[in-house]
Amino acid sequence: MMATSRWRAPPGWARRSPYGCRRVARAARSASMNLDLASVLVMTALVVAVSSIVFIAETVIRRDDGVGRVWAVAFLAAPVALLAYLVWAYDRSAWWAIAVGNAAFVTTISAIWLGCRRYNARASRAAAAAAGVAAVVTAVMVVVAGPQGGDWAGARTMFTLLAVFSTLGCVECLRGALRASRTAWALAVVLGLYGVYCVVRLVVFSVEGPNGPFFQMWLSTIPSSFVTVTFTIVSLVAASVLRAGRTPVRGLQEMDAARGRAAREMARATGADSGVLVAEQFWIALQGLLTRAQWHDELVAVLAVRIDDLAQISQAFGSEAAQEVAQAWRRGVRHSAPAAARVGEDGQGLLLVTSVVGSAAEARRLAVRISRGVFEQLQAVPGAILPAVGVGVALSDTQGPDVDRLVSAARAASLGGEAVSDTADGFDPPRL
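Our numbering applies: residue -5 is where the sequence shown begins, and numbers increase by one.
Source of the hints: derived by calculation from the structure; they are not laboratory data. Hints are not guaranteed to be accurate.
Claimed, not checked - Estimated spans, in silico, between C-beta atoms of each pair:
1) 306 to 169: 25 to 33 angstroms
2) 380 to 54: 19 to 27 angstroms
3) 391 to 334: 18 to 26 angstroms
4) 353 to 118: 54 to 62 angstroms
Ideal placement from N, C-alpha and C gives every residue a C-beta, glycine not left out.
Model the full assembly from the supplied sequences, consistent with the hints where possible.
Here's what the structure looks like:
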């Protein structure tokens, strides 16, 4: 909400100046008194608008996922609120602008909270509906007060809702996937402090009113504008860093921890991964295959297939483009592997393939076939840059019927490490 008075320096400020110079103190106080309401609002609107445009433009360019889009709504509502307050500041008869500004302000904080919930995979229609109802109620309170409501119509409702959504956002940043990020901690601190600030505004406003000396000095429109600028800049940086960290590599690493739940989510997202086992299931299947192969004196091959540069693709082309590349990689491996082969995760961002082969030469042919299948799928992704693909092979006759040794050797071979030369009877698969 807005106020008509100008910001004034605290009484006795000159006497408390650490420099002991009244002339310097008077000059600073005079400069502060020259910060009229319209000028501060223009300055605040400019900073918030530029920050919001940068975030929204990056969201559009990156073709961001749901989290970035929800946060973009927050940074779209912020300049709308300040624009409405500017209209009111230059035309005090436009009382409706206060309703628009208050509702947009509440939408800004509630959208940040909703984005945090979506980041933690806790998005719900009930939460979104609650945020929408809160914005409508905020606007209605101003409309009910009408022109007689004055500059601070609906202020208590707005302060209360801002404090509630800030607190909810702070709590959400300290749970789920966000808890593992220090950037989320910074966002939690900012939201928590802003929630405390809103509570203080609500209490002082209720006790002494909008014209009280303490409220006018520290909690009116002009001081709160500086708080808004600080909050916008910090939250923008935090949201940008958190959004950039949402890459498919992170999703693949979470599969091992989340096991079946993550596998089902990936299957629904891609529509082609229902045959890819999670790491634990793949290791059990491989152990059983090695045991049966020993009974019949058969040779088992383990192939590790990796692609690099997913994080760089996500940064350059957006998370959706990187996700399309990851899906093409997985399809290529599944479609090229033998029908009886097992395909699974290894928990470190690789796909593993195991199958019974007749010789090292057959294992080589299988590796070439899989690498070609992966490249064919990657080339079918429109506008994507082909990432580096690595295929490593390990055989049970050189590594023994040991799951850990076979998988480790295949991983090292896919990286072109030292274990390549002895992974398959002298077969040295090239870095593809």
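To see whether the hints hold, each was checked on the structure:
A hinted range of 25 to 33 angstroms for the beta carbons of residue 306 and residue 169 is consistent with their spacing of about 30 angstroms. One distance hint, 19 to 27 angstroms for the beta-carbon pair residue 380 and residue 54, holds here, with the actual separation near 25 angstroms. Here the CB-CB span from residue 391 to residue 334 is close to 19 angstroms, well matched to the stated 18 to 26 angstroms. Checked against the hint of 54 to 62 angstroms, the C-beta distance between residue 353 and residue 118 comes to roughly 55 angstroms, which is consistent with it.
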